[in-house]
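Throw the hints in and build the complete structure from the sequences for me.
Going down the list, the sequences are from chains A and B.
Just so you know, UniProt numbering puts 64 at position 64 of the first sequence, and the rest follows in order with no gaps.
Just so you know, UniProt numbering puts 126 at position 126 of the second sequence, and the rest follows in order with no gaps.
None of these hints come from the bench; they were simulated from the model.
Accuracy of the hints is not assured; some may be wrong.
Stated by the list, open to error - Looking from chain B toward chain A, a few residues come up when the C-beta cut is under 10 Å (computed):
(1) 86
(2) 95
(3) 146
(4) 162
(5) 178
All values reported here derive from a predicted model rather than from experimental measurement.
We put the CB at the ideal spot given by N, CA and C, even for glycine.
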Amino acid sequence: MEWSWSVAYDVMPRLAAGLIVTVQATLVGALVAYVLGLALAILKMSPYRLVAWSSYWSSEFVRRTPLLVQLYFLFYVLPDLGIFLEPFAAGVIGLGLHFSTYTSEVFRAGIENVPKGQWEAARSLNYSTIQTWRHVVLPQAIPPMIPPLANYLITMFKETPLLAAITVVELFNAANIYSNSHYKYLEPMTLVGTFFLLVSIPAAALAIRLENAFRRKA
Amino acid sequence: MKHVRTGGLFGATVIAVAALAAAVTPAGAGTLDEIRERGYAIVAVANEPPYSDIKPDGFVTGAAPDVARAVMKKLGVPELRSQLVPYGSMIPALQARRVDMATSGLYIKPKRCESIIYSEPDLCGAEAFAVAAGNPHNLKTYEDIAANPELFMTTCAGCAEEAYALERGVKPEQIKVFTDPPSGIKMLQQGRVQVFALSGLGTQDLLKKTNDPNLELVMPVKGVPMGCAGAAFNSADDDFRDMYDKALKELKESGEFASIVAPYGFSAEATLAVKRDDFCPGN
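Put into structure tokens, the structure is as follows:
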């Protein structure tokens, strides 16, 4: 087993293209996860039993099944039902949907941490529901949520190789395709690991700084 | 007491390191002896009928493993056990000695011969496409795919078909590699790709099983050589390979070979007409 720089050099452009797809999938997936997660959190706390109950169970359903199975379902089964998604779209929807069930718990905890008195104060000031959320609850609930949400972003980044299963050529899949036709695994896979580290270590450091910053404020 | 315990630990470490070293030392000439002692050979197959077919109970069959089983019986090994390995990973699997041999219709190709050694050819066949019924884009060759860059094709990563396509001008962006052949057919059915490329008999078998009137077989694909496969070995196992060749030759001469491959749709004559040296001289 010998490291070959010519192989590393040869595979690099493909990996760079793959890394771009990986980052795109992470960012779009995270956006879906945050927006959907917030909506899910609010629905779960709905005073209407049926709404709260059905959103709770559908979120549990998604959370308790593997992401890989969900991706296969989105990619290979939905077209039979007339819903045709491009590989990238299916990938970010799968990733975002799956992680929205995790982020919804972060949002729920953050919202429940806003003291009851704040809600009562808003009501006594005759705020509407939307005003209460927008001006009273969310501004207090969101800051402590940021560190865990950042951590989920890093987790999602590391889960993107699953998209290879539905033919998205992200970082890992780019390396895998190269390996399959050149029979070299050492260099491509080492570089994939290195690329992931290069992004996730600074991101983790940033997340820790965010956490400290918000802890000091609290 | 403490001293003794440390000694014991040290001793155990030495034994463990020695065992590890023995486990990773490449077995060279002794591979066949080792397999005989074990009583079974571990073979890599891609599960692509009719080349190779793993039954639900784990029994490995298909044309290539059946030939290998008959050959190995002659060499005193009664049983084959299979490991599912995609085509693209077979060479690394052989090099890392995760398997004793690959018996899955791995085509004999010069680039592969740089890394592994082959038996004499055991299966030859034409290439095929699967396309939508009526062949709306009129695809008969890889050049036809290259001429229309809007089209997408699917095949397996690291397969001969991928190389045929790239050598004939198909752009890498046009190739979406499938994870397994049935999902490739699914991608064709859903219109994610316009053409599915694989070995002729493999494609035919898949289409028969899919039984979708909206799909059609294009066989043979013109302008590409007939693909011939052999059993593949680690390049250090030339003694084993030579003995395998000798037994395979007996099998071919006795006519038993033809009776094994013919039911799967392979032509024994086509295979008997070629030699390994036609593809990889001196391999």
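Hints not upheld, ascending by number: 3
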